[in-house]
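As you go down the protein sequences, you meet chains A and B in turn. Using this note's numbering, you'd call the opening residue of the first sequence number 1 and step up by one each time. Using this note's numbering, you'd call the opening residue of the second sequence number 1 and step up by one each time.
It should be emphasised that the hints constitute simulated quantities derived from the structure, not laboratory data. Incorrect hints may appear among the rest.
Listed next, the in silico EDC-like pairs over lysine to aspartate or glutamate satisfying Cα-Cα at most 20 angstroms (straight line) [said to hold, decoys possible]:
| hint | chain 1 | residue 1 | chain 2 | residue 2 |
| --- | --- | --- | --- | --- |
| 1 | B | K82 | B | E157 |
| 2 | B | K75 | B | D30 |
| 3 | B | K75 | A | E28 |
| 4 | B | K82 | A | E87 |
| 5 | B | K167 | A | E28 |
| 6 | B | K167 | A | E87 |
| 7 | B | K82 | A | E28 |
| 8 | B | K75 | B | E60 |
| 9 | B | K141 | A | D59 |
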Amino acid sequence: MTSDARMPEASEPAAELAEELVAYLDGELDSAQAQQVENRLARDAVARRDLQRLEQVWDALEQLPRTPAGEDFAHSTVEIVAQTASEDLATTMAGLPKQRRRRWWYKAAAIGASLVVGFIVVRSLAPDPNQALLENLPVVESLDEYRAVQDVDFLRGLENRKLFAEEATHGQP
Amino acid sequence: MAASDQSAERPQYDLRDPDVRLMMQVRDDDAAAFEELVLRYQNRLLAVLEHLVGGREQAEDLTQDVFLRVYRSRKTYVPTAKFSTWLFTIANNVALNARRNLSRRREVHLDSNDSGSHPGQGLDQMIQVSSGQIPARQLDKAEMRDIVRMAVQSLSERQRMAVLLNKFEDMSYADIATVMQMNPQAIKSLLSRARLNLRDVIEPYLETGQRPKSQPVPGKE
Chain A
1 MTSDARMPEA SEPAAELAEE LVAYLDGELD SAQAQQVENR LARDAVARRD LQRLEQVWDA
61 LEQLPRTPAG EDFAHSTVEI VAQTASEDLA TTMAGLPKQR RRRWWYKAAA IGASLVVGFI
121 VVRSLAPDPN QALLENLPVV ESLDEYRAVQ DVDFLRGLEN RKLFAEEATH GQP
Chain B
1 MAASDQSAER PQYDLRDPDV RLMMQVRDDD AAAFEELVLR YQNRLLAVLE HLVGGREQAE
61 DLTQDVFLRV YRSRKTYVPT AKFSTWLFTI ANNVALNARR NLSRRREVHL DSNDSGSHPG
121 QGLDQMIQVS SGQIPARQLD KAEMRDIVRM AVQSLSERQR MAVLLNKFED MSYADIATVM
181 QMNPQAIKSL LSRARLNLRD VIEPYLETGQ RPKSQPVPGK E
C-alpha cells in the first residue's frame, strides 16, 4: 500500500471509502494513509458510523466456532501419511527392476560400443608387431638350411655358378 | 535460480520461523518433526477448511490431504515464505480441487418464501418463530453463531477464503495474496466487498432482529 492513494471524499462512491476503512481496521495502511483516514473520521460522522458498523460485524465473526481436532486426529493423519508413503515406495520398488534392467542394457551397450571403437582406434594407430615376421617368412621357413651355411658370400658364389639353377626354378611359385 | 543465489537475497525464513526449521527436519525424513507440524497446524487448518467447505467431515479429509501433500513435497521444500503461508497455499489448492470435484453446490438462502430445500431455510423459520419481533440483542449465542455462519456461507468462495485467512489466521493482505495467487490490491478490494456483504446479512439481526430486506446472492463479488 503506497502513500500515493488519497482518501476518498464524501462525494465519491461509498465502496472506495469502505475499502480504506476496512484496510484501516486491518492495519494495512501506511502512516500517511492512516493519518488521512483519521482526519476524515474526525470531520465526518457518517464515516465514523461506517467504521463502527464494519468493526461490529467483524467482531461478530468471533462467534464462528473453531472446533479443535479430536484426540486421535494427529495419530490417524500420521498413519495415513505413513501408509501412503509405504504404498508410494512399494510402487517405486516394483518398477525398479525394469528400470534397472534397462539401465544395465544401456550401460552394456555403451561399454560395448566404446570397446569396439577403442579397438578400431588402437588397431589403426598402433604398429603391428607381426608385420616384420610376415615380411621375413621365406627366411624363417628355411632357417635350418641357412644355419648350416655359415657364410652368405659362399651362398652367393654358388648362385653365380648356377649350380642349383634348375632347383631354384622349380622352387619358385 | 540456484539455492545459493537465493540465499543471499531472500529473508532468512529458516532462522526466523520455527516452523520452517521443523519442515526442514521433515525434509530430512524426521518423523517426529512431521508429527509436531501436524499437531501445530491441524486445528488451524480445520477451522479454515470447515467454514470454507461448510462441513466438518470434508474439512477433516481435506486437512489430511494437505498434510499428505506436505509430506510428499518435503524433498523439494525450499523456504521462500513463512511456513504458514506455504501451508495455506496448499490448503487453498486442495479446497479448490475439492470444489471442482463437487457435483452440486449448496446455496444458502435467507428468504423463507424460497421453496427449495436449503440448510439455512429451516433455521430462518426457527428464528422467525422463536424470536419474531424480539430484538436481535436478545438472540442467544447459538442463534448468533448460526447467523454468522450463514452469513459467511453466503459469501463467494474467494471472499470466504480471504475472510477466513484474515480473521482466523490474522494474515496480512500480502500473505493472503500469496495464498490465493492474487495481488494485494485485489485482496484489499475483495475483503472490502466481503465485509460489506457480511454487514448486509448480520447487521439487521444485530440491530433490530429483522431479516434483511435484500437477499444475499452467493457468488457475487
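Verification of the supplied hints:
Distance check on the hinted pair: B:K82 and B:E157 sit about 24 angstroms apart at the alpha-carbon level, beyond 20 angstroms; violated. A distance of roughly 12 angstroms separates the Cα atoms of B:K75 and B:D30; the hinted pair therefore holds under the 20 angstroms criterion. For the suggested pair B:K75 and A:E28, the alpha carbons sit about 35 angstroms apart, so the restraint of at most 20 angstroms is broken. Distance hint between B:K82 and A:E87 is unfulfilled; the C-alpha atoms sit about 31 angstroms from each other, more than 20 angstroms.
Note on B:K167 and A:E28: the hinted pairing holds, with a Cα-Cα distance of about 14 angstroms set against a maximum of 20 angstroms. Restraint check: the Cα-Cα separation between B:K167 and A:E87 comes to about 38 angstroms, which exceeds 20 angstroms; the hinted pair is violated. For the suggested pair B:K82 and A:E28, the alpha carbons sit about 18 angstroms apart, so the restraint of at most 20 angstroms is met. Only pairs whose Cα atoms come within 20 angstroms are accepted, and B:K75 paired with B:E60 is rejected, the gap being roughly 25 angstroms.
Taken as a hint, the B:K141 and A:D59 pair is honoured in the structure, with Cα atoms around 14 angstroms apart against an allowance of 20 angstroms.
In this structure, the hints that do not hold are numbers 1, 3, 4, 6, 8, in rising order.
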